[in-house]
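Student: So the chains spell out like this:
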Amino acid sequence: ILNVEQSPQSLHVQEGDSTNFTCSFPSSNFYALHWYRWETAKSPEALFVMTLNGDEKKKGRISATLNTKEGYSYLYIKGSQPEDSATYLCAYSGSARQLTFGSGTQLTVLP
Amino acid sequence: EAQVTQNPRYLITVTGKKLTVTCSQNMNHEYMSWYRQDPGLGLRQIYYSMNVEVTDKGDVPEGYKVSRKEKRNFPLILESPSPNQTSLYFCASTPSGYNEQFFGPGTRLTVL
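Which chain is which? The protein sequence lines are A and B, in order.
With positions in the first sequence counted from 1, the corresponding number in the working numbering is that position plus 34.
With positions in the second sequence counted from 1, the corresponding number in the working numbering is that position plus 23.
Hints are computed from structural coordinates only; laboratory data are not their basis.
Heads up, a few of these hints could be off.
What the hints assert, rightly or not - EDC-like cross-link-like pairs, simulated, lysine to aspartate or glutamate; straight-line CA separation at most 20 Å:
hint: 1; chain 1: A; residue 1: Lys76; chain 2: B; residue 2: Glu123
hint: 2; chain 1: A; residue 1: Lys93; chain 2: B; residue 2: Glu76
hint: 3; chain 1: A; residue 1: Lys103; chain 2: A; residue 2: Asp118
hint: 4; chain 1: A; residue 1: Lys92; chain 2: B; residue 2: Glu24
hint: 5; chain 1: A; residue 1: Lys103; chain 2: A; residue 2: Glu117
hint: 6; chain 1: A; residue 1: Lys91; chain 2: B; residue 2: Glu123
hint: 7; chain 1: A; residue 1: Lys76; chain 2: B; residue 2: Glu24
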């Protein structure tokens with residue numbers, strides 16, 4: 035089983051703060067790296083899928099970068115809002131067939 | 024509305040009583056997968072399917088079976104459920120390996 039690590043496991047930030055999380059994955063045999071946002075009692079929803087080294091994606095206040103050579107991706111949230119509170123999951127794919135998820139970073143944004 | 028549906032959403036059963044969790048998608052996606060989610064472990068892939076009649080094991084396939092007779096449906100079968108299969112199960116579909124996964128609403132299974 036492949037090792038996909040996310041850090042930190044959880045964090046609390048104040049409304050308006052910017053924050054970032056890390057996802058590390060095997061640097062060999064890279065196919066794609068996914069980020070999902072998972073709110074309590076809902077299903078995970080995709081934020082980004084990145085496939086190329088150096089990829090940077092942005093959706094509103096959320097952005098992500100990818101370094102496939104060293105095996106890490108960062109997710110950034112600028113000016114956190116209470117509605118950003120969720121668990122953020124990354125998932126590594128070494129082929130079209132399988133997706134290995136990290137255990138997630140649980141973000142709580144305090145008003 | 025494009026969606027992945029799962030049934031049932033909640034199920035409490037007893038050890039050894041065969042059950043099936045259905046999954047259906049209306050987006051004509053090639054790929055479908057089943058995951059289980061346990062506290063502290065994240066989502067773990069049970070089985071996946073790349074097309075009709077093409078299925079393969081994921082990371083935790085023991086105790087599960089799947090079938091893909093039609094493109095839209097991908098049922099998960101527990102022939103003889105055991106308490107360690109108590110979990111939250113998600114079905115997902117995607118058009119290709121490079122695309123995002125679309126998740127169903129989840130099925131919370133308790134095996135007593």
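Student: Check the structure against each numbered hint from earlier and tell me which ones fail, lowest number first.
Tutor: The structure conflicts with hints 2, 3, 4 and 5, although it agrees with all the remaining ones.
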